[in-house]
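**Student:** Same order as they appear, the protein sequences are chains G and S.
Letter 27 of the first sequence, counting from 1, is numbered 27 in our numbering, and no numbers are missing.
Letter 148 of the second sequence, counting from 1, is numbered 148 in our numbering, and no numbers are missing.
In case anyone wonders, no lab produced these hints; they're calculated from the structure.
Since the model is a prediction, treat every value here as computed from it, not as a measurement.
Even for Gly, the Cβ is constructed at its ideal location relative to N, Cα and C.
Incorrect hints may appear among the rest.
Said to hold, decoys possible - Derived coverage of chain G by chain S (criterion: at least 3 residues anywhere in the stretch with Cβ under 8 Å from a Cβ of chain S; other residues may be distant):
#, stretch
1, 42–55
2, 134–147
3, 174–188
4, 265–279
5, 382–393
6, 448–461
Stated by the list, open to error - The list that follows gives simulated cross-link-like pairs (lysine-lysine, PhoX-like), each with its CA atoms no further than 25 Å apart:
#, chain 1, residue 1, chain 2, residue 2
7, G, K571, G, K495
8, G, K31, G, K182
9, G, K299, G, K252
10, G, K531, S, K58
11, G, K31, G, K467
12, G, K495, S, K58
13, G, K297, G, K33
14, G, K503, S, K58
15, S, K160, G, K84
16, G, K18, G, K84
17, G, K488, G, K538
18, G, K538, G, K252
19, S, K17, S, K58
20, G, K495, G, K467
21, G, K14, G, K24
22, S, K22, G, K488
23, G, K467, G, K24
24, G, K60, G, K182
25, G, K488, S, K58
26, G, K14, G, K33
27, G, K320, G, K596
28, S, K17, G, K182
29, G, K391, S, K90
30, G, K60, G, K33
31, S, K158, G, K84
32, G, K320, G, K298
33, G, K467, G, K60
34, S, K58, G, K538
35, G, K351, G, K297
36, S, K22, G, K495
37, G, K391, G, K351
38, G, K182, G, K33
39, G, K621, G, K6
Okay, here's what each chain looks like letter by letter:
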Amino acid sequence: MTLDAKVPSGPIEKKWDKHRFDMKLVNPANKRKYDILVVGTGLAGSSAAASLAQLGYNVKVFCLQDSPRRAHSIAAQGGINAAKNYPNDGDSVWRLFYDTVKGGDFRSREANVYRLAQISSSIIDQCVALGVPFAREYGGLLANRSFGGAQVSRTFYARGQTGQQLLLGAYSALIRQVGLGKIQMFTRREMLDLVVADGAARGIICRNLVTGELEAYSGHAVLLCTGGYGNMFYLSTNAAASNVTATWRAYKRGAYFANPCFTQIHPTCIPVTGEHQSKLTLMSESLRNDGRVWVPKKKGDTRAPESIPEAERDYYLERKYPSFGNLVPRDVASRNAKQVIDEGRGVGTTKLAVYLDFADAIRRMGENAIREKYGNLFDMYEHITNENPYKTPMRIYPAVHYTMGGLWVDYNLMTTIPGLFCLGEANFSDHGSNRLGASALMQGLADGYFIIPYTLGGYLSQGPLPKVGTDHPAFRQSENDARGRIDKILAVGGKHSPASFHKRLGAIMWDYCGMSRSETGLRKALVEIPKLRDEFWKGVSVPGGGEEFNQTLERAGRVADFLEFSELVVKDALERRESCGGHFREESQTPDNEAKRDDANFSHVAAWRYQGAGAEPELCKEPLEFEHVHLAQRSYV
Amino acid sequence: MSAGQAGSAGTMHFTLKIWRQKSAKDAGRFVSYEVSGVSPDMSFLEMLDLLNEGLIAKGDEAVAFDHDCREGICGMCSLVINGQAHGPDKNTTACQLYMRRFQSGDTITVEPFRARAFPALRDLAVDRSAFDRIMAAGGFISTNTGSAPEANSVPVPKPKADAAMDAATCIGCGACVAACPNAAAMLFVAAKVSHMALLPQGQPERERRVLAMRKAMDAEGFGNCSNEYECEAACPKGISVSNIARLNREYARAALFFADHAESGKS
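All chains, please: the whole structure from these sequences, using the hints.
**Tutor:** Below, the structure is given as structure tokens:
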């Protein structure tokens with residue numbers, strides 16, 4: 001199958017307007033005849049569900065947690081970008097578009113990114129109207145700050161809890177529709193399979209996590225808004241339950257998986273303290289507005305940071321990238337941290353950390369100003385490390401944070417399965433091989449509030465869909481498959497917890513497919529992952545049954561899927577013999593150790609098609625063309 | 001039972017008395033566990049992970065407890081630790097409570113959030129969907145997507161915006177209910193009512209919102225407020241009881257002058 005992105009013709013700034021006019025509409029009276037299934041209630045899922053219900057569609061919404069308000073978008077800290085140009089510092093739709101394409105190291109689709117930049121302003125308007133308490137200046141108007149990869153201040157924020165406030169805004173819109181009866185909410189449900197009937201996505205199979213029963217739901221379209229797969233690495237900034245299951249099941253039913261090796265390692269996280277650690281905590285990129293990153297100039301310097309004089313410190317980001325300084329994009333900041341640590345200049349007891357120092361900012365603005373901007377982040381840091389960051393520099397280390405890869409979608413956010421849409425982090429679309437800070441919230445809400453309400457109508461209005469109920473044979477097939485996998489896990493009766501396999505998988509992925517990747521390492525991972533998978537299926541222990549509240553079983557199912565999916569990630573990383581953004585192939589670097597792209601051979605989206613168990617997946621390519629942002633070696637010097 | 005894990009760096013040891021209950025239908029009871037190899041840098045939930053790893057390896061059913069983000073923002077974790085919702089630290093969720101806070105050798109009691117409106121599910125997990133139903137009754141500003149005015153067209157004085165943000169940081173965990181002797185949900189409702197009543201965007205539905213949310217709160221079986229202030233003490237986000245005073249003012253004002261708004265109902 002050739003991949004048709006369905007990008008509208010015409011000049012880039014007119015494409016979205018033209019497309020919205022060209023798409024057929026669904027008559028308001030007919031919308032209530034359509035059932036739409038939305039899986040996931042993060043920014044993308046909540047905003048989509050609310051907006052579609054407002055239009056009149058019947059919406060059923062599913063989430064893992066006990067309330068839709070708990071999806072992991074809630075944990076996003078720093079902010080959301082928009083090209084409002086309130087600070088009068090030179091921002092525009094074009095500049096946000098340009099920064100995002102360049103920040104993504106030229107591996108995203110121009111037309112999508114342009115649309116995202118166009119929509120960005122409306123998102124802020126919508127959020128403010130919903131009561132999101134963004135930071136404000138004394139005059140009562142909205143405040144901005146800067147994020148990595150940009151030389152303008154275009155980031156809107158609500159202290160260090162921007163994701164929480166945006167999600168609670170979208171949740172309030174969703175819950176209003178629940179009260180109005182337009183949304184039926186199903187909490188504590190995990191999607192275990194997709195139902196494809198007569199060539200289109202027509203339903204899902206869920207496990208009720210309280211009773212353990214499998215439940216079938218039918219609809220006219222399915223929206224997967226299920227987030228990223230960073231938890232494949234075991235240690236990440238993701239929530240404990242974040243997983244790849246929904247998108248992996250969709251892949252196995254025919255949706256192509258795009259650029260799975262594009263994973264983001266965030267430079268500023270709290271370092272690992274020991275074996276027991278279950279997750280890593282992010283310290284927002286916004287801290288790099290005022291914090292200065294440094295390590296000692298000398299190797300193995302064990303002095304306390306306060307006793308290292310200015311002249312013996314290396315502010316390496318400011319030194320190497322004078323025009324962006326501490327606000328270089330995430331991939332660049334992470335790689336440089338790794339480099340100084342590999343040189344033996346890491347700090348703290350584990351030596352796996354660099355300093356993020358606020359002493360200058362506190363001297364300049366006072367402790368209170370810093371507390372007002374970042375108070376909750378400083379508190380969180382102190383809780384976890386038992387150190388006071390107002391007095392001593394933070395120690396930070398890169399950690400897995402976000403996944404740019406995801407299900408392949410066209411301009412309409414539809415996957416290769418008709419009627420299956422994918423929104424937010426779960427799709428691959430807008431961030432290329434490196435996402436800029438404060439752009440995930442923007443994309444999730446753009447997809448949900450302002451894109452899917454149009455493109456879903458465009459799909460449904462193309463013609464009548466046959467009536468498909470849960471008695472259709474495709475439902476029985478998917479349900480039996482899901483039940484079979486649960487029974488198989490419960491039948492193993494081994495001695496090792498699902499978490500122990502997860503941890504071992506994470507170690508393989510971090511070592512061979514993490515911040516730096518090589519042909520030798522990736523080939524080694526391709527041997528070790530199937531070995532670990534075999535051990536899992538012989539040795540996993542899941543006490544308790546399938547027909548009850550069983551968190552060990554939930555975890556085992558997610559780990560089983562990660563054990564399959566991770567192999568595709570490694571294959572993709574092996575196939576892409578260039579460095580770009582967060583994908584750093586040791587074989588492909590500039591003399592200054594920057595990522596070196598190979599545009600002649602790899603200026604494409606790598607979309608993988610499932611060809612059955614045991615068969616090699618097929619690699620399909622969507623060529624990327626850059627008509628507006630000139631292809632160039634990225635430079636933040 | 002010992003559930004220590006070989007290779008873990010910690011040397012602390014605890015006796016845990018944990019509430020076990022197979023389902024809402026079954027009777028619950030405390031079961032004692034010994035857990036060793038605990039590091040002071042472990043979070044309370046990582047200590048429970050360690051216990052569960054040991055149980056699973058032996059083929060015993062793990063202790064069920066709700067958790068997700070493990071960074072104090074999702075509001076999913078819901079433990080009463082030694083009689084205190086989220087444990088002994090102020091402004092801290094259970095997932096951000098570290099074992100360095102305890103002495104090796106301590107006996108620690110772990111129970112679920114208990115309230116009539118939070119039915120038991122299993123072990124330490126309870127059903128807090130009553131909160132969602134209160135929100136569905138009025139915890140929103142009715143603005144359809146696409147109809148918003150330009151964001152800076154309505155200035156909001158900074159002190160008001162900051163006070164709204166203080167209230168809006170509620171994570172909906174339910175610790176206020178678990179800590180209250182009457183299992184009241186006043187702090188939760190007050191936080192949302194305050195957040196929206198303080199903002200100009202919240203004015204058109206100001207009266208309807210407070211009347212509808214109070215009504216839904218009562219219908220869910222939450223108790224009444226008797227000014228114990230336990231909710232504020234337990235709140236991991238430091239939401240102030242002054243919000244309850246605002247809720248009471250808002251309610252009195254709406255009930256006295258706008259009683260017809262209560263039934264004008266759904267927008």
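**Student:** All hints, please: hold or fail.
**Tutor:** We went through each hint and held it up to the structure:
Requiring three or more residues with a Cβ within less than 8 Å of a Cβ of chain S, the coverage given for the stretch 42–55 of chain G holds, as 4 such residues are present. With 9 residues having a beta carbon nearer than 8 Å to a beta carbon of chain S, the stretch 134–147 of chain G meets the requirement of three or more and the stated coverage holds. Remark: the stretch 174–188 of chain G is confirmed as covered by chain S, as 7 of its residues place a Cβ nearer than 8 Å to a Cβ of that chain, reaching the required three. With 7 residues having a Cβ less than 8 Å from any Cβ of chain S, the stretch 265–279 of chain G passes the three-residue criterion, so the hint holds.
Beta-carbon proximity to chain S at under 8 Å applies to 3 residues in the stretch 382–393 of chain G; the threshold of 3 is reached and the given coverage holds. As drawn, the stretch 448–461 of chain G meets chain S at 3 residues by the rule of a beta-carbon pair under 8 Å; at three or more, the given contact holds. Annotation: proposed proximity of G:K571 to G:K495 is violated, straight-line Cα distance about 30 Å (limit 25 Å). For the suggested pair G:K31 and G:K182, the alpha carbons sit about 11 Å apart, so the restraint of at most 25 Å is met.
For the suggested pair G:K299 and G:K252, the alpha carbons sit about 49 Å apart, so the restraint of at most 25 Å is broken. For the hint pairing G:K531 with S:K58, the CA-to-CA distance comes to about 24 Å; that is within 25 Å, so the pair holds. For a cut-off of 25 Å, the pair hint linking G:K31 to G:K467 stands: about 16 Å separates their Cα positions. Note on G:K495 and S:K58: the hinted pairing holds, with a Cα-Cα distance of about 7 Å set against a maximum of 25 Å.
With a C-alpha separation of about 67 Å, the suggested pair G:K297 and G:K33 falls outside the 25 Å cut-off, and the hint is violated. A threshold of 25 Å between alpha carbons decides the hint, and for G:K503 with S:K58 the separation of about 19 Å falls inside it, so the pair holds. Pair hint S:K160 plus G:K84 holds up; C-alpha atoms about 23 Å apart against a cutoff of 25 Å. Between G:K18 and G:K84 the alpha-carbon distance is near 23 Å, which keeps this suggested pair within the 25 Å criterion.
In summary, the hint linking G:K488 to G:K538 is supported, as the alpha carbons are separated by about 11 Å, within the 25 Å threshold. A threshold of 25 Å between alpha carbons decides the hint, and for G:K538 with G:K252 the separation of about 23 Å falls inside it, so the pair holds. A C-alpha spacing of about 19 Å is found between S:K17 and S:K58, which places the hinted pair at or below 25 Å, so the restraint holds. Restraint check for G:K495 and G:K467: the C-alpha separation of about 47 Å exceeds 25 Å, so the hint is violated.
Taking the CA atoms of G:K14 and G:K24, the gap is about 18 Å. The hint holds against a cut of 25 Å. Of the supplied pair hints, the one linking S:K22 and G:K488 holds, its CA atoms being roughly 23 Å apart against a limit of 25 Å. With a C-alpha separation of about 21 Å, the suggested pair G:K467 and G:K24 falls inside the 25 Å cut-off, and the hint holds. A C-alpha spacing of about 9 Å is found between G:K60 and G:K182, which places the hinted pair at or below 25 Å, so the restraint holds.
A distance of roughly 20 Å separates the Cα atoms of G:K488 and S:K58; the hinted pair therefore holds under the 25 Å criterion. Between the alpha carbons of G:K14 and G:K33 the distance comes to roughly 32 Å, so the proposed pair goes past 25 Å and is violated. At roughly 17 Å between alpha-carbon atoms, G:K320 and G:K596 fall within 25 Å of each other, so this suggested pair holds. Of the pairs offered as hints, the one joining S:K17 and G:K182 is violated, with about 44 Å between alpha carbons and a cut-off of 25 Å exceeded.
Simply put, G:K391 and S:K90 have alpha-carbon atoms about 21 Å apart, close enough for the 25 Å limit, and the pair holds. A hinted pair counts as satisfied when its Cα atoms are at most 25 Å apart, and G:K60 with G:K33 qualifies at roughly 13 Å. A hinted pair counts as satisfied when its Cα atoms are at most 25 Å apart, and S:K158 with G:K84 qualifies at roughly 20 Å. Only pairs whose Cα atoms come within 25 Å are accepted, and G:K320 paired with G:K298 is accepted, the gap being roughly 17 Å.
Distance hint between G:K467 and G:K60 is fulfilled; the C-alpha atoms sit about 18 Å from each other, no more than 25 Å. At most 25 Å may separate the alpha-carbon atoms for a hinted pair to count; S:K58 and G:K538 meet this at roughly 16 Å. For the hint pairing G:K351 with G:K297, the CA-to-CA distance comes to about 14 Å; that is within 25 Å, so the pair holds. With a C-alpha separation of about 23 Å, the suggested pairing of S:K22 with G:K495 holds against the 25 Å cut-off.
Taking the CA atoms of G:K391 and G:K351, the gap is about 20 Å. The hint holds against a cut of 25 Å. Between G:K182 and G:K33 the CA atoms are separated by roughly 12 Å; this keeps the pair inside 25 Å, and the hint holds. Taking the CA atoms of G:K621 and G:K6, the gap is about 15 Å. The hint holds against a cut of 25 Å.
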